[in-house]
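A.B. asks: Residue numbers (my numbering), protein chains in the order written: chain A, -11 to 442; chain B, -11 to 442; chain C, -11 to 442.
It cannot be assumed that every hint is accurate.
One copy or two, it doesn't matter: identical chains are merged, so the pair holds either way.
[Unchecked claim] Below are the BS3-like pairs computed for lysine-lysine, each with C-alpha atoms no more than 27 angstroms apart in a straight line:
no.	residue 1	residue 2
1	299	125
2	298	125
3	406	298
4	299	406
5	298	220
6	298	89
7	222	298
8	89	222
9	125	406
10	406	222
11	406	89
12	125	350
The hints are simulated quantities; they were obtained by calculation from the structure and are not laboratory data.
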Amino acid sequence: MTSIVKFSLVAGVIATTGILTTGEAKAAVSTEAAFVFNTFSFLVHGVLVMLMAAGFAMLESGLVRAKNTAAICLKNIALYSLAGLMFYIVGYSLMYTGVDKGWIGSFEFLYNPAPTELTLLNADDANEAAANAAVLKDSAYASMSDWFFQMVFVATAASIVSGTLAERIKVWPFLIFVVVLTGIIYPIQGSWVWGAGWLSEMGFSDFAGSTLVHSTGGWAALAGAIVLGARKGKFGPNGQVNPMPGANLPLATLGTFILWFGWFGFNGGSQLALGSAADATAIAIVYVNTNLAAAAGVVVAMVMTQLMFKKMDLTLCLNGAIGGLVAITAGPDLQQHAWAIVIGGIGGALVVIAVPLVDKMKIDDVVGAISAHLVCGIWGTLAVGIFGSGSLVTQFIGIGAIGAFVFLTSLVLWLILKATIGIRVDEEEEMSGLDTSELGMEAYPEFGRGSQML
Amino acid sequence: MTSIVKFSLVAGVIATTGILTTGEAKAAVSTEAAFVFNTFSFLVHGVLVMLMAAGFAMLESGLVRAKNTAAICLKNIALYSLAGLMFYIVGYSLMYTGVDKGWIGSFEFLYNPAPTELTLLNADDANEAAANAAVLKDSAYASMSDWFFQMVFVATAASIVSGTLAERIKVWPFLIFVVVLTGIIYPIQGSWVWGAGWLSEMGFSDFAGSTLVHSTGGWAALAGAIVLGARKGKFGPNGQVNPMPGANLPLATLGTFILWFGWFGFNGGSQLALGSAADATAIAIVYVNTNLAAAAGVVVAMVMTQLMFKKMDLTLCLNGAIGGLVAITAGPDLQQHAWAIVIGGIGGALVVIAVPLVDKMKIDDVVGAISAHLVCGIWGTLAVGIFGSGSLVTQFIGIGAIGAFVFLTSLVLWLILKATIGIRVDEEEEMSGLDTSELGMEAYPEFGRGSQML
Amino acid sequence: MTSIVKFSLVAGVIATTGILTTGEAKAAVSTEAAFVFNTFSFLVHGVLVMLMAAGFAMLESGLVRAKNTAAICLKNIALYSLAGLMFYIVGYSLMYTGVDKGWIGSFEFLYNPAPTELTLLNADDANEAAANAAVLKDSAYASMSDWFFQMVFVATAASIVSGTLAERIKVWPFLIFVVVLTGIIYPIQGSWVWGAGWLSEMGFSDFAGSTLVHSTGGWAALAGAIVLGARKGKFGPNGQVNPMPGANLPLATLGTFILWFGWFGFNGGSQLALGSAADATAIAIVYVNTNLAAAAGVVVAMVMTQLMFKKMDLTLCLNGAIGGLVAITAGPDLQQHAWAIVIGGIGGALVVIAVPLVDKMKIDDVVGAISAHLVCGIWGTLAVGIFGSGSLVTQFIGIGAIGAFVFLTSLVLWLILKATIGIRVDEEEEMSGLDTSELGMEAYPEFGRGSQML
């Protein structure tokens, strides 16, 4: 947010007071060009984040067993769709409109383009110049480009949940949860920070959403995993953990690369502006930190799994990349890139440590999302207090407040869903797989042992 | 087209008459910056559309049976290649050069950069400023950026055909059809609207090609499906329709997500300009409508298949997304986003209704492309007459004229191909699969039952 | 490089001497807007190239057998990670800092943002204008955006190696090779041309890296293949070549499409600037040549394999696209697009010819990377001397010097690795597959015959 405000001030000064001489004016970005740059940054970076929906779908498709693959595909395209609709219907307003240092925005429905923008688009030649000036005075970017960028973030939060709860949750209750998460829960906690609410007022710092997006998705997933219970056979009677390997690891690898690709949009676009040399420079720094943190997460996971298990583990290395990315998300604007390697490397280590710990707690997280998104989201948010400009105490308060709110509301919602329509397929359906029980189809009808065997 | 013309006028006024005061000048986008913005918009949006070729390849790879997968992969990379070559050799000129309210452009071969552009690129320091001014006077964007953007559109139309005709068409006759479609048929009908031909003159409105691209592909596919006939065993003697499920549904899901991703380029880039606040604002609106329409298509397909079949159908939900996207393509510039939900939702519904209807007519469309692209393309074009600024009568005329032209020329071409070199593999080859008969290879040589069994 | 220098001069003249009248000033791109354009071009094009890592991973996953798929996935994400870390730690400085017509840059560690940039980012309102001016005077783009763009290039070179050596190389020795390749070998040869070293001084021309990236990767792969030896059973006692077909051809097709997509960033971004009409025009031309060359490579491979084998070969057609792309990479700025078709078509032909020749030399290249990247890289570099502005003699010198340096240093490194820690799995591990021996997992645990059978 800061950068937008700063930009507006500077541009406003240039446009209204004319303090620059002609020579300097030629060197600067015009107000309208900055508007175009800012808008295009939201759109281009937003479309990169949009593809993360495909990344999650492939990651999860690769990590579930064949008999549950079509169901996870359906959940992923459905949740992306519902997130977009809910954020249009009510979410964006709840998160960004009239929060004013408070706890929630306004219940205004159907977020549409700004009136000045519509006036400009419908202007005839005579009043076009005036309409243009009104738009530029109103905002530093097109209103719907910001909506688009924020919408793909809420979809990301929902994507995190589907992986953890795969292979035993019914489709429709899951989708009802998504509707509430993306329309109500996510926007309310988001308003506290990015909507300029009370946590932002306190100085809580979360550049692109280690807490607001990734931990939020992780808390919702954790609550769901507790209420839903583990897959049959995952945890043996004597504490043993039975591996249930994913059916298609190249798809999981593809999904991880797509997530990494989309993350440049996620973090880079969160600069929220591109219309000045300072903003462009800042975004370049964000890209580099993002890449270094992910790379460090992979390398640390490689080394640790080699040392711990004597063999590298592909799945943990993929999650190491994600852990590194989640960890750097709260503070990718670090001005010393070596710290990004440290932060991302610790993220990778936390994933390798947390995945077996979560298992030990008999919490069944099919794809490791709680470890990668919740644990590393907390770490990344704290890291801003250590390496960045934030206060550690405030960072703790924000993590705690958002965690408590999201976890408790999610828990209540899961319990209500469980008590009413039920959230879990029955045992026989689970054994035969969700694809046949929920969708009546197979994801890979011609390949091998198929759903009967595992 | 409108936006480009409008832009040029405004920019021209700024550059030549100097009517703005210095203070206002600093606020506006310079002519050259607008040139860069417009060009970059064509390139970035074009490259998103280019990836749709991969989207179609994956969607179709996922929805055919394993034994026909390598062949559909080959067809997809071949058709994208041929489309690009043909559009360079003759297509672009036929579509965009000298149409002048008429029925066809000019047969000029090998479309190359504008002479003023080459002069600028080869200018030395002394004449660079004059060469630069000449380019800016000539056009509001680099000529080849527009070529690139339009080229990926013609490839999209060709991609639609391959899915419908999969699993029984010979590769080479299909590719000959693609050569004529992309070099002649598509450019001629395209010239009527986007080349400023007679239909454009009448006021026919198709922002990004519900009719010009998607219905055109759909009509060509329909003609092919009729001439080619159904796959052996698809339709039983007593009217039953035998399902032939796709071999790899996560790939189909990935393909749909990639198409959705590329569609932001498809519709967003069709604003044809980015060099002003008005254009940037318009593109942002287009992105949002595109996303909402697709989301609505998915949700409607989910609900309808749940109600109709008691289980959700992943394949129809994926096609629901595509139906919603096709439907909004004629008018993604709607200024009230709720209408995008309505238009896209109806698109999703039409897919769910049309797929079994097409089956009932014993037309064998392997991936549902006729339902998603032709039916929803017609709907989306009519929707502009209902919700947008177009006239319903003119929209009907355009749909009819383009439909008749494309369907009839395609039909004749398919019949000629059938009568001469033949278009269909023989029955034994069809049973063993096109991969072995046409390519001598298997797509998944190690996986399961393989080509012998289905 | 040229374009950046030219740009800076022009912009500098505008900014400092004020020779333009007010009317002209309004037409031109401001210095700061050009800075933003240039930076954003590096970032957007760089992120496209980044996705090529996924393209290589999918291409190679599709072309190896199922039992080696998880290992190739791990190698691909690991090499991308290590390349980024090494290029940050030392590679970029070795390649771009203080080369000064020489043979190597400086050993400065940890490349970080320019001091003027940090001053700007930390400026308060009072000194922001001065800090901004200092940044614009310093450079035409953000320093880390160039780092990001160059980093994804070094990763590409490393990706080429993994495919050739698949299915029998141990993971860790391979990764040690990657560390040296990306941290030392690649940067040194790169400094000779793009770092403004001795070859650049001679006039050697390689726009986006046919030699610097693709042949470099190819030479390193060739040296490795010689030292490593062929897979067991690949070459029979009587000279026969036993096909070992890839397990998942749609993934290989997807990988090729993603590479094609990323190549627009690879070649387009290598214009190194976007901040003027001339640069935007040049990039548009690059995009078109890139697409036409790839398309021609596919079509030539289709026709040749049909004529030579009576059936088209999907794998060779995919490699035909890559061959066309590699071939145009040294000179995608050709001003007559028809030559791109010729250059790319010859690239496709060379792949079809070279793949069996490499086999005949008993060099086992699992994915055909030596043919596509090394052979076509040489061809493309020579083509600049034939169709472009370069001198054929100089091009030969550059190809020879870089080839000798990379091949010999790689050979020595592979021999050292072989003599010390060993580079090859033992025979039994090779039969059971690298996934179980190196990673202890299967890529497709549920699909069909699995690792026991092939």
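A.B. asks: May I ask which of the numbered hints given earlier this structure violates, with the numbers listed in increasing order?
C.D. replies: 1, 2, 6, 8, 9, 11, 12
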